[in-house]
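Model the full assembly from the supplied sequences, consistent with the hints where possible.
Taken in sequence, the protein lines are chains A and B.
Note that the first sequence covers residues 1 to 304 in our numbering.
Note that the second sequence covers residues 1 to 257 in our numbering.
Hints listed in this document are in silico derivations from the structure and should not be mistaken for laboratory results.
Stretches of chain B that chain A covers, calculated by requiring three or more beta carbons in the stretch to come under 8 Å of a beta carbon on chain A:
1. 134-144
2. 166-175
Over 10 Å on every C-beta distance to chain B, these chain A residues come out as not near it, computed from the model:
3. 2
4. 40
5. 46
6. 48
7. 118
8. 121
9. 204
10. 205
11. 226
12. 256
13. 258
14. 267
15. 269
16. 276
17. 304
Per label pair, the in silico range of CB-to-CB distance:
18. A:261 x B:118: 24 to 34 Å
19. B:89 x A:120: 19 to 29 Å
20. B:22 x A:282: 39 to 49 Å
From a predicted model like this one, the values you see are computed outputs, not experimental measurements.
The C-beta atom is built at its ideal place from N, Cα and C for all residues, glycine as well.
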Amino acid sequence: MSKVFSLPEAIRRYVPDGASVCLGTALECLIPFAAAHEVIRQGRRDLTLIGPISDVCFDQLIAAGCVRRVVAAWVGNVQYGTGYGFRRAVEAGVPRPLEVEDHSNLTIALGLEAAGLGVPYLPTRSLLGSDILARSPRLRAAPCPFTGEPLVLVPALVPDVAILHVQRADPDGTGQAWGPTGVTAAAGKASRAVIVVCEELVEPAVVRDDPNRTLVPGFRVDAVVHLPWGAHPSPVQGQYNRDHAIYAEYHRRTASAEGARAWLDEWVRDVPDHAGYLAKLGPARLAGLRPRASRLAAPVDYGS
Amino acid sequence: MAPEPYSPGELMVAAAAREIRDGEVVFVGMRLPLLAFCLARATHAPRAVGLFENGVVRDSPAREFLVTMSDGPNVTGALWCTEMREVMGLLQGGRVDLGFIGGAQIDRFGNLNTTYVGPAGRGTRLPGSGGGADIACLSRRHVIIMAHERRRFVERVDYVTSPGHGDGGSWRRRIGLPGGGPAAVITTLGVFRFDAETRELVLASTHPGVAVEAVRAETGWPLAAAAEVEATPRPTPTELAIVRGFDPEGFWTRGRG
Chain A
1 MSKVFSLPEA
11 IRRYVPDGAS
21 VCLGTALECL
31 IPFAAAHEVI
41 RQGRRDLTLI
51 GPISDVCFDQ
61 LIAAGCVRRV
71 VAAWVGNVQY
81 GTGYGFRRAV
91 EAGVPRPLEV
101 EDHSNLTIAL
111 GLEAAGLGVP
121 YLPTRSLLGS
131 DILARSPRLR
141 AAPCPFTGEP
151 LVLVPALVPD
161 VAILHVQRAD
171 PDGTGQAWGP
181 TGVTAAAGKA
191 SRAVIVVCEE
201 LVEPAVVRDD
211 PNRTLVPGFR
221 VDAVVHLPWG
231 AHPSPVQGQY
241 NRDHAIYAEY
251 HRRTASAEGA
261 RAWLDEWVRD
271 VPDHAGYLAK
281 LGPARLAGLR
291 PRASRLAAPV
301 DYGS
Chain B
1 MAPEPYSPGE
11 LMVAAAAREI
21 RDGEVVFVGM
31 RLPLLAFCLA
41 RATHAPRAVG
51 LFENGVVRDS
61 PAREFLVTMS
71 DGPNVTGALW
81 CTEMREVMGL
91 LQGGRVDLGF
101 IGGAQIDRFG
111 NLNTTYVGPA
121 GRGTRLPGSG
131 GGADIACLSR
141 RHVIIMAHER
151 RRFVERVDYV
161 TSPGHGDGGS
171 WRRRIGLPGG
181 GPAAVITTLG
191 VFRFDAETRE
201 LVLASTHPGV
211 AVEAVRAETG
221 WPLAAAAEVE
231 ATPRPTPTEL
241 AIVRGFDPEG
251 FWTRGRG
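Okay, here's the thing in structure tokens:
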């Protein structure tokens, strides 16, 4: 059976109500915004979001009422700091109460790595003496069994599904990305199901010609979605730059709950699909985000 | 000739750049520290290497203005693009000389809060740690950059996101933190160091035009001051030109950043 699905179909199959979803794994780039918008359009509820720093992606899902719990190091708007949707949910329970499990970037990474390695936890020296540790429901301080040194044990984080955005994938889901990748490979190993969203759907030979570039192998992937511009407004190296103006507009318009609802209606709920979103942005705006020049790497020789 | 006008942000960037020594490995982060790294590389620290938590390692400043560390120009020409665990591994392994972090609230021992300000249930939720707590715990030393207001400079932070020197003295060693802790705090009013014994914040210099009493008025505990409080050097015309080259619209240094 083919793994290549439309975005709505992939979300329907692999992101049910109540699922724990890992996304925004490369930090400020390669954020699967289109997938998050589809989750909002389908009215998903009670999700747990897992990720290090999601830029405004988590804020949008929270403001839309899709989220019950967030397991993250940082939730906000990277360009402006505050994420109003997150603040309203935590401070006032609007549109619904939100549980927050605070982490640092490293403990999110280690939780996913532990799951990927198939061990119950990984230790770190980070967060000793912090209130992130003191108030965490899951992190635990324990002495090293060998040296007695104080350590923090980070239990494995196993998302139900990871949504990973990459530059290219083959129809079996082998995904290749370049630029910084944050915790993307870790999330691909850790999660029960994996959706790969790609800018380019390529022939199987293309990924096999450059196997060091692979972040997630096809046998770990359940669904492949071919969706150019699927990470907009976040940047995708070699494809498009960051659309800073969207983040500015989102920040300006979502300071009130009514404003957030209006923004979500205009840019997500009243837009039928990703094609409609791109049409709303318009070709001129998209063209302006393209890299001014390409910068090709020298080919490497895998010959034997 | 009157000195060239500059913004508080530009002065802070120049002060932060002076914290970077040539050849150091620096965990950079965003905003003012990113500009400080660019400035240091272009002036006295051409061999400094910058690490970013997303997995970018650079030994040259990006050639264009950046809003985030994952913007295209920060990737083009990088030394290494990889997973977060690699750069965090270098940090935890003691390979990072200096890290920069910002905060919303700080106390007299340099503990930082970026998580929750105010009484439980009635306060303000902030974005959280990001990589800040990791940098504070694990860098060989770190430098804090933040706005100086009385509501931010408090006797004890409401929540310790990024540990500084705890309750002072040898707290970090007792707790098991490997990094050296905060070495300096650069604010909109002055530059602070930490007492070698008590690890309490000590005013080292005030920015041009700022009186020591004005700093005390904006600090929520009886602030210690160096025997001779110096004046923070103004940014030079060369430094200003470089900073403005990297932040042409003043987004981080002359606007809201």
